[in-house]
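Turn these sequences into a full structure, and let the hints steer you where they fit.
The primary structure of each chain is shown beneath.
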Amino acid sequence: MHWTDYLPALLEGAWVTVQLTVYSTILGSILAFVAGIGKLSPNSLLRGIAVVYIEVFRGTSLLVQLFWLYFALPIVGQVLGIDLRIPPVVAGVLALGLNIGAYGAEIVRGAIQSVHHDQHEAARALNFTPRQTLLNVTIPQAVPEMMPSFGNLAVQNLKDTALVSLISLGDMTFRAEQLRNFTQDSTTIYSMLLLMYFGMALVLTAMMRGLEHRVGRWRRAGV
Amino acid sequence: MLFGIEWDTSGPLVFAISILPILLLGMWVTIQATVLGFAVALVLGLIWAILKGAPSRLISWPAMLFTEFLRDTPLIVQLFFLYYVLPEFGIILPAFLTGALALGLQYSAYTSEVYRAGLEAISREQREAARALNLTTIRTFTHVIIPQAVPRIVPAMGNYLVSIMKDVPVLSVVTVLEMLNVGRIIGDRTFNYLIPLSMVGGLYLIMTLVASAGLRLLDNWLPKQGIPLK
Amino acid sequence: MTDTIIKFDKVVKRFGDVTVLNELDFTVKRGEKVSIIGPSGSGKSTVLRILMTLEGIEGGVVTVDGEPLWHEGADMTPASEAHLRKMRAQLGMVFQSFNLFPHMTVLRNITEAPVKVLGLNRVAAKARAEELLDLVGLADQAAKYPHQLSGGQQQRVGIARALAMRPNILLFDEPTSALDPELVGEVLTVIGKLAEEHDLTMLLVTHEMRFAREISDRVLFFDQGRICEEGTPEDLFTAPVEDRTREFLGSILKES
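Protein chains in written order, with the numbering used here: chain A, 1288 to 1510; chain B, 5 to 234; chain C, 7 to 262.
FYI, nobody ran anything at the bench for these hints, they're computed from the structure. Since we're looking at a predicted model, the values are computed, not measured. For every residue, glycine included, the Cβ atom is placed at its ideal position computed from N, Cα and C. There may be inaccurate statements among the hints.
Stated by the list, open to error - Derived DEER-like restraints, expressed as beta-carbon distance ranges:
| no. | chain 1 | residue 1 | chain 2 | residue 2 | range |
| --- | --- | --- | --- | --- | --- |
| 1 | C | E64 | A | D1405 | 20 to 26 Å |
| 2 | C | D146 | A | R1506 | 18 to 24 Å |
| 3 | A | R1496 | C | E87 | 37 to 43 Å |
| 4 | A | R1418 | B | F70 | 46 to 52 Å |
Said to hold, decoys possible - Just some of the chain A residues that point at chain B, by a computed CB distance under 8 Å:
| no. | residue |
| --- | --- |
| 5 | V1343 |
| 6 | G1346 |
| 7 | T1347 |
| 8 | I1362 |
| 9 | V1442 |
| 10 | K1446 |
| 11 | T1460 |
| 12 | S1473 |
| 13 | F1485 |
| 14 | A1488 |
| 15 | L1489 |
Here it is as structure tokens:
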């Protein structure tokens, strides 16, 4: 078969890959902020939950987390008497999101802590509430610090989506495996697959760099 | 049974205890794959770093493109590629070695960056001072640059070691009997995934904590200014 | 309305094992301009930071305009955040390292707190900010970002930012110590103008002796956490009573 014959299936898979990447990155970003800020909270319960979440999801393999959610969680449900079976796409987005959320949380925490203590004093002197300080003073200064690392994390997430093929989710890698099983044309198919991932990664990197640029505009004003 | 060991499904705790030795055998495979993959990553990474630093752009640019390519494509796809494509070119490796090679290849892209950053950090002044003192290039490297570069490089490399360990489960797709694969097989056969997979998760957490603690000890032991020459 | 606006009554402040302020007593009258001088580590900045509620106290009572600052209620329980916020509204601070918000323009730096904290609408806040920028001589810099300004300009913005909240008491924590010598003058001019034209109560911690002498109603010499000597500028600078004061002034003069 000619390589162009593989394109339709691979492109369908590519669309699934893109959607997975987008949804899990959004989920991951939200979790990153919640857990990153939570880890700095004066409330020890919030802090504890954040620490446990971050340590567990950073300390175990993504594939372990994915399999656990897809295979083990339903059994917890059986024991509790509720149906906790989740469709592959939910397990995929959930595992990916939880995973990069944990790594992202450390980035968020580091960036927030890098904002100079003086800024908080100035805000306090002006009578900002702690929440106002966090939203108007700390986070706007922390975000440009986070961007380069977030860029790396986004590409890592894209690569990680390939693992969902192992729970039979029809992403690019899954479609490639199917094609290979059918045609045995490993070299062409996998070369195409690698190139497609490479292309997506480059596009994603460019997008993240653009975002980084926008978010750091005030740093470069007048320069 | 697996690895010649039977399990006992009469009760949850008994089950857990009976599969522990099996999981630990899987852990041993995981550890071996990690170490071998890391070794490959260290060697290949150094080669890419040297190529990337070559004065001729004919060498450095393809090297940079290749490492970027390795870095931006998923490990599992690289693994499939090696597993299915190499035999078509007459290279047949056992699954374990293919897996370690894939791990090493993927991470060599990262280690090459660590080498470059570590070497570049040794300021140019050091190299110029060495030249002024008429040290040969090799002597400069072994007595001035490397002793200072190593303490800088070790922490980053250590982190990648831990990352490699967490990526080993991907090797299960080419039937390598590492810990997650073992857990999943037990689950397939007993229909009880919860206990094996939870134990695998717990064991992974322990491995990560031990490895991180070990790295911190190593980091403290290494002198910050450079390894002293006796 | 009593005449005393600030009162420190046997105030104790410790940092770990070190006692920085040991039963400190002093008062400041409404509208007074007081300079605080002394060697580093003598507790001068700590006094300002306690007033600005950036640091708490381990003993004694701080009273601002008749009400305890770090305590509340008839039984003097430690102050809640709500009480601190209420009290803080009367004070403003100008920091040694300016502490402007780098991600906001000069104008926004000045309007942000009035809008977000005082609930002023943006138009009124902008008008107030422009008036203040005029006062400090930076009317044309409103759209710039802090990193585009010199240290002296940034500090003047800092003064405007503090004034925008209309405090009754303005605290200056070594406002010119972080500036290059050429830029010190422009900031002192603004502070001097403020001292002359407004009946703000001002507490100024500074090493600029000549300036302190010019604008102050009273000077406090701090040493090792207590007021070693206090008096009018003329008295303290020309005829200090305590040896330690003489020693300190002597060493300062030797430098300049």
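Results of checking the hints against the structure:
1. Checked against the hint of 20 to 26 Å, the pair E64 of chain C and D1405 of chain A passes, with Cβ atoms roughly 24 Å apart.
2. Remark: the range hint 18 to 24 Å for D146 of chain C to R1506 of chain A is upheld by a beta-carbon distance near 22 Å.
3. Checked against the hint of 37 to 43 Å, the pair R1496 of chain A and E87 of chain C passes, with Cβ atoms roughly 41 Å apart.
4. Here the CB-CB span from R1418 of chain A to F70 of chain B is close to 49 Å, well matched to the stated 46 to 52 Å.
5. The beta carbon of V1343 of chain A is positioned within 8 Å of a beta carbon in chain B (closest approach about 7 Å), and the interface hint is therefore held.
6. With 8 Å as the threshold, the beta carbon of G1346 of chain A comes within range of chain B, its nearest partner Cβ sitting at about 4 Å, so the hint holds.
7. Checking T1347 of chain A against chain B: minimum C-beta separation of about 4 Å stays under 8 Å; hint holds.
8. At a threshold of 8 Å, the smallest CB-CB gap from I1362 of chain A to chain B is about 4 Å, leaving the interface hint in force.
9. At its closest, the beta carbon of V1442 of chain A sits 6 Å from a beta carbon of chain B; the interface hint therefore holds under the 8 Å criterion.
10. Look at K1446 of chain A: its Cβ gets to within about 4 Å of chain B, closer than 8 Å, so that hint holds up.
11. Against a cut-off of 8 Å between C-beta atoms, the interface hint on T1460 of chain A holds, since the closest Cβ of chain B lies about 6 Å away.
12. Of the supplied interface hints, the one on S1473 of chain A holds, with its beta-carbon coming within about 4 Å of a beta-carbon of chain B, less than 8 Å.
13. The interface hint given for F1485 of chain A holds, since its Cβ lies 5 Å from the closest Cβ of chain B, which is under the 8 Å cut-off.
14. Proximity of A1488 of chain A to chain B holds as hinted, the smallest CB-CB distance being about 4 Å (cut-off 8 Å).
15. Interface restraint check: L1489 of chain A against chain B, minimum CB-CB distance 7 Å, threshold 8 Å, status holds.
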